[in-house]
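Put chain W on the given structure of chain L with help from the hints.
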Amino acid sequence: MRSSRAVPEYDDETRRLIDAMREAEERAIAARFEASLDYSGAPAESGQRGVATRRQFLFGAAALAGTGSMLPRLASAAPPGAMDFPVPADSTREQGRLTNDDGGYGSRSQFEDEVRWRFPTATKESSWTMTPLADGMGVITPSGLHFERHHGGIPNINPASHSLTIHGMVNSAMQFTMDDIKRFPSVSRIHFIECSGNGLTEWREPTLKTVQGTHGLTSTSEWTGVPLSTLLREVGVKPRAAWILAEGADAAVMTRSIPLEKGWSDAIVAYGQNGEALRPEQGHPLRLVLPGFEGNTHIKWLRRLEISDQPFMTREETSKYTDLLDGGKARQFSFTMEAKSVITFPSGEMKLPGAGFYEVTGLAWSGRGRVKRVEVSADGGKNWHLASLQDPILPVCHTRFRFPWFWDGQPAVLQSRCQDETGYIQPTIKQLVDVRGLGGGKYGSIYHLNGIQSWNVAADGSVSNVHHYA
Amino acid sequence: MFIITLNKQVRFAGFAMCLVSGLVMAQGYGGPYGFGSAPSAEELAKIDIDVMPDGRGAPPGQGTYAEGKQVYEGKCVACHGADFKGVKGTGGAALIGGRGSLSSGKPAKTVESYWPYASTFFDYVRRAMPFNAPGSLSANEVYAVTAYILGEANIIGKDQVVSAKNIASIEMPNRDGFIRDPRPDIFNYD
Numbered sequence: 000m001r002s003s004r005a006v007p008e009y010d011d012e013t014r015r016l017i018d019a020m021r022e023a024e025e026r027a028i029a030a031r032f033e034a035s036l037d038y039s040g041a042p043a044e045s046g047q048r049g050v051a052t053r054r055q056f057l058f059g060a061a062a063l064a065g066t067g068s069m070l071p072r073l074a075s076a077a078p079p080g081a082m083d084f085p086v087p088a089d090s091t092r093e094q095g096r097l098t099n100d101d102g103g104y105g106s107r108s109q110f111e112d113e114v115r116w117r118f119p120t121a122t123k124e125s126s127w128t129m130t131p132l133a134d135g136m137g138v139i140t141p142s143g144l145h146f147e148r149h150h151g152g153i154p155n156i157n158p159a160s161h162s163l164t165i166h167g168m169v170n171s172a173m174q175f176t177m178d179d180i181k182r183f184p185s186v187s188r189i190h191f192i193e194c195s196g197n198g199l200t201e202w203r204e205p206t207l208k209t210v211q212g213t214h215g216l217t218s219t220s221e222w223t224g225v226p227l228s229t230l231l232r233e234v235g236v237k238p239r240a241a242w243i244l245a246e247g248a249d250a251a252v253m254t255r256s257i258p259l260e261k262g263w264s265d266a267i268v269a270y271g272q273n274g275e276a277l278r279p280e281q282g283h284p285l286r287l288v289l290p291g292f293e294g295n296t297h298i299k300w301l302r303r304l305e306i307s308d309q310p311f312m313t314r315e316e317t318s319k320y321t322d323l324l325d326g327g328k329a330r331q332f333s334f335t336m337e338a339k340s341v342i343t344f345p346s347g348e349m350k351l352p353g354a355g356f357y358e359v360t361g362l363a364w365s366g367r368g369r370v371k372r373v374e375v376s377a378d379g380g381k382n383w384h385l386a387s388l389q390d391p392i393l394p395v396c397h398t399r400f401r402f403p404w405f406w407d408g409q410p411a412v413l414q415s416r417c418q419d420e421t422g423y424i425q426p427t428i429k430q431l432v433d434v435r436g437l438g439g440g441k442y443g444s445i446y447h448l449n450g451i452q453s454w455n456v457a458a459d460g461s462v463s464n465v466h467h468y469a
Numbered sequence: 000m001f002i003i004t005l006n007k008q009v010r011f012a013g014f015a016m017c018l019v020s021g022l023v024m025a026q027g028y029g030g031p032y033g034f035g036s037a038p039s040a041e042e043l044a045k046i047d048i049d050v051m052p053d054g055r056g057a058p059p060g061q062g063t064y065a066e067g068k069q070v071y072e073g074k075c076v077a078c079h080g081a082d083f084k085g086v087k088g089t090g091g092a093a094l095i096g097g098r099g100s101l102s103s104g105k106p107a108k109t110v111e112s113y114w115p116y117a118s119t120f121f122d123y124v125r126r127a128m129p130f131n132a133p134g135s136l137s138a139n140e141v142y143a144v145t146a147y148i149l150g151e152a153n154i155i156g157k158d159q160v161v162s163a164k165n166i167a168s169i170e171m172p173n174r175d176g177f178i179r180d181p182r183p184d185i186f187n188y189d
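Note that the protein sequences, when read in sequence, are chains L and W. FYI, in numbering that gives the first Met the number 0 the residues of the first sequence are 0 to 469. FYI, in numbering that gives the first Met the number 0 the residues of the second sequence are 0 to 189.
In case anyone wonders, no lab produced these hints; they're calculated from the structure. Here the structure is a predicted model, which is why all the values come from computation and not from measurement. Cβ coordinates follow ideal geometry from the N, Cα and C atoms, glycine included. A portion of the hints provided could be inaccurate.
[Said to hold, decoys possible] The following residues of chain L were derived to be distant from chain W, with all beta-carbon distances above 10 Å: (1) N157; (2) I180; (3) T206; (4) G271; (5) D378; (6) A411; (7) S463.
[As the list claims (entries may be wrong)] Straight-line alpha carbon distances no greater than 25 Å define the calculated BS3-like cross-link-like pairs of lysine-lysine that follow: (8) W/K87 - L/K123; (9) L/K319 - L/K123; (10) L/K319 - W/K87; (11) W/K74 - L/K429; (12) W/K45 - W/K157; (13) W/K164 - W/K68; (14) W/K68 - W/K84; (15) L/K328 - W/K105; (16) L/K237 - W/K157; (17) W/K105 - W/K84; (18) L/K381 - L/K371; (19) W/K105 - L/K237; (20) W/K84 - W/K157; (21) W/K157 - L/K328; (22) L/K371 - L/K429; (23) W/K87 - W/K68; (24) W/K157 - L/K123; (25) L/K261 - L/K181; (26) W/K164 - L/K328; (27) W/K84 - L/K123; (28) L/K237 - L/K328; (29) L/K181 - L/K328; (30) L/K261 - L/K123; (31) L/K328 - W/K68.
Next comes chain L alone, as it looks inside the complex (with noise of 0.2 Å):
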């Protein structure tokens, strides 16, 4: 099934990386496998599942392997965001739990155990996470499972002292504070961020098993905040400017320099997400929100936009987020994230129980615009099917797709491309390879791949990931 294109072998530091990267990712596995024996109903130690649910088609291929690192777990312990309550033998035959017990702040079930896991880097505080994509439903991420990345930890900012300062080539600078910025006329849009880092393992060949590993830096939230044309026009741009440097106030200061143009068009500063505050992981109390520009623009604890006629060079747009490619250029400012889709179910490390019907879905999104078509193939790319697109279909937003799959029982490979309204097609990683190369850094380019990913469904049902071509 895998491509018979030589894989260079990766240098010491590499491997050891993407060992751990594995063994983060198989410790990630073997937790959810411990927690879908202790609250699927079934004794733990039969080891025996209950009712075939999507959700436990998850991790069939893990429980038959054993990972080695099954750890007893306290029944008592509620998965991440859940609380843990006393189940009765009949809900029917006694009063439930109290109304408001909860605080006035809602948890999720605790037989709901799906969570981010994250990339094993030298530190927790320069670290990113990924979104469960293979449980997400419909198109909008949790807030508490979008995807974070963060370069010098997760700031604790009291709004009531935040500001956002705007200068540099303005007619005046000014200083607004929460309270300022949420009386500008506001804007909610539903959007998806997506880091560049996304799949960054996958370019030589399939290494991350699940869906989270290769695809999980993408999310999709409700964001509400003023549109930053609004805050243009009221501190009034001077002639010949042309970028913006946008500022967050973590420990990293993190700094992105953005076209202007950008600013002028469909720029939010946000402080809502899915209804509510930020959380503290996206940015809170404010955040730049860019549409379909790679997730690092998207500058998260907003302080400072000083606009000026240059770019400023900071580290985060030259050392790093840049595209080395063969020969030893790099491409700078890269900001559009492509046209990108992925099938979530079926996906790496499940076991389909048998062959016959299922539904076979996944996301499409494009920061360009608009998915306007998806297309499923179950024979590794030689017959290509639409799938049906759920409405509405917003502009650069996860956008779901379904198709109905008869399964035959035989080896197959599952594989979805998208276009976009520009008419652009999601090409194949090989075809990115070719036109970017290999030889430029660990993985490749590492940023900005888009390409087509391919599911291997085993006779026996099990799903693994691929590299394959048609």
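Frame of chain L; chain W shown alone:
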């Protein structure tokens, strides 16, 4: 919380009355809104810390290789190493080496080999380093550690004093190594 809300409403009512005598604006209103305040020079100076490739924003000050060696050995070496290659497990990046490696297939992206401007280094160290005490270095210390690292990388002489006046004139080896994003670069359009 209620007090703040009430206060805002009162302020808004007063503001709206001055502007439009309390009328509802059926056609919308495009501003100006008059919210916010002008930051004081001190407030601005405290956060306006960026330094640009042409030297704009460089704070007054200067530093030498010898002073920078002291700073490095006291505050940087634990993560970046005596050999400047980065200490495994700390997350500290390699700072020196790799020149000429970018097209080799095993590129080493360091300050020496990859970073395009001295200002990029100065700006980053000033805002985010050292990792355990970000933003704690004085301007002179940042100039000094710049002189030390770029001196060790043989980008400038070890006798060169780095200052606000000359930081823009330092030429980094990979200054011309970046090209603008040409995407889309795959054309499967139909």
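Taking the numbered hints from earlier one at a time, note which ones the structure violates and give those numbers from smallest to largest.
The structure conflicts with hints 2, 11, 12, 16, 19, 21, 24, 26, 28, 29, 30 and 31, although it agrees with all the remaining ones.
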